[in-house]
Amino acid sequence: MRIPLKIFYCLFFTALITCVSCERANNNNSSDNAKVFKDISASELTGKIKIGWNLGNTLDATNLTWLPADAPVQQLERGWGNPVTTMENITALKKAGFNAIRIPVSWVKSADSDYNIRNEWMKRVTEIVDYAVVNDMYIILNTHHDEDAFKFTDVETPESLKAFAKIWEQIAVNFRDYNEKLIFEGLNEPRTKGSPAEWNGGTNAERINLNTHNQLFVDTVRVTGGNNKGRILMVPTYAASSEAAAMRALEIPKDPSNTVNKIIVSIHAYAPYNFALNQGGGAVNTWGRTNDSDTQAVRTPLDLAHDIFISNNIPVIFGEFGAVDRKNEDARAQWIEYYVSYAKSKGIPCFIWDNGNFSADGEVFGFLDRRNNTFPFKKMLNAAMKGVK
249 MRIPLKIFYC LFFTALITCV SCERANNNNS SDNAKVFKDI SASELTGKIK
299 IGWNLGNTLD ATNLTWLPAD APVQQLERGW GNPVTTMENI TALKKAGFNA
349 IRIPVSWVKS ADSDYNIRNE WMKRVTEIVD YAVVNDMYII LNTHHDEDAF
399 KFTDVETPES LKAFAKIWEQ IAVNFRDYNE KLIFEGLNEP RTKGSPAEWN
449 GGTNAERINL NTHNQLFVDT VRVTGGNNKG RILMVPTYAA SSEAAAMRAL
499 EIPKDPSNTV NKIIVSIHAY APYNFALNQG GGAVNTWGRT NDSDTQAVRT
549 PLDLAHDIFI SNNIPVIFGE FGAVDRKNED ARAQWIEYYV SYAKSKGIPC
599 FIWDNGNFSA DGEVFGFLDR RNNTFPFKKM LNAAMKGVK
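Following my numbering, the numbering of the sequence shown begins with 249 at its first residue and continues without gaps.
If you are wondering where the hints come from, they were derived from the structure by calculation, not from laboratory data. What you were told as hints is all true, and nothing was included just to trick you.
Below, a list of computed lysine-lysine pairs in the BS3-like style, where the Cα atoms sit at most 27 Å apart:
#, residue 1, residue 2
1, K637, K343
2, K286, K502
3, K298, K626
4, K371, K342
5, K342, K298
6, K502, K594
7, K343, K627
8, K429, K286
9, K634, K296
10, K626, K637
11, K637, K594
12, K286, K342
13, K592, K637
14, K627, K592
15, K286, K343
16, K592, K298
17, K429, K634
18, K298, K429
19, K502, K477
20, K634, K575
21, K634, K298
22, K371, K343
23, K626, K342
24, K343, K592
25, K575, K627
26, K627, K298
27, K627, K637
28, K637, K286
29, K626, K296
30, K594, K626
31, K296, K429
32, K343, K296
33, K343, K429
34, K592, K634
35, K626, K575
36, K298, K637
37, K286, K296
38, K298, K594
Construct the complete structure from the given sequences, taking the supplied hints into account.
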């Protein structure tokens with residue numbers, strides 16, 4: 249049974265305004281990071297993004313049960329095998345042609361039972377955001393792999409909303425003086441893990457509850473003030489799915505900022521699935537731009553996003569796309585050039601997923617070798633940059 253939203257919001261914002269007024273001073277940004285804020289629309293901003301990259305399997309590493317709660321933050325960052333992120337990593341990306349970065353972060357692992365985020369973790373995330381600020385990049389900062397706290401069934405939604413608001417209030421206060429190039433993304437792939445509809449658009453109730461979370465995200469960020477009054481925000485479909493049911497069920501939150509459109513829709517699409525992601529039966533290592541079934545699988549989610557959102561002046565970012573390495577760089581180079589080129593023609597910037605894995609096991613999405621700041625798949629890199637020219 250759902251709690252009446254008017255009652256929830258009234259109680260929440262009374263507590264939130266009190267909390268904001270007594271924020272922790274040691275989480276304030278330095279004046280070096282406070283830039284002149286340009287009050288542009290979400291559509292203007294997406295038009296400035298060329299191509300983006302994901303700092304995957306790093307700050308978002310979670311379920312690190314072998315580490316104590318107070319483990320050094322660098323251990324949490326290295327929990328899934330990637331090295332500690334450096335300024336040199338981000339500079340290498342900028343030099344290669346990327347002008348945007350998505351920074352996935354798991355927050356709950358570094359929060360107490362009342363969802364107070366550990367100071368050291370907030371500082372470390374801020375350091376990495378600042379690496380991108382120095383490189384003058386567009387930055388997406390999100391909550392990632394926090395499914396243990398953020399849930400979307402009717403029974404679990406009330407507690408989830410409390411945790412969600414508490415986490416985002418702290419993030420928003422910490423980063424509220426950053427300029428418009430910092431974008432907040434409320435959720436990564438919000439879904440009920442293990443459910444029959446997990447990757448098929450969810451149930452009607454789950455989609456409604458996601459819409460409630462998305463609205464709370466916008467309201468929570470706006471009330472923290474500063475540049476957050478006009479910051480551009482991203483909201484996902486259920487599971488960030490490119491399924492039509494998930495896209496059509498998304499309600500764009502009402503924005504109390506009373507400014508130009510500041511909302512971007514977040515979608516992920518590893519397409520074609522059998523080429524890009526599938527690790528089991530039916531997986532293929534070939535793709536060709538002269539094969540209509542291959543190209544149609546790329547066009548379909550992009551066309552849907554365009555028709556449902558962009559044609560109605562609601563911008564979209566494909567926050568994750570990629571194709572696992574099957575020792576098929578020539579095919580992947582053809583694929584990535586076509587993907588980003590077609591997406592650009594629809595007005596949709598794309599962010600390649602990079603989990604740092606170059607081994608022969610699991611999802612091999614390595615793109616930048618963060619240990620030596622090189623790009624092992626140079627054909628793919630060149631093809632991607634050619635596609636977005």
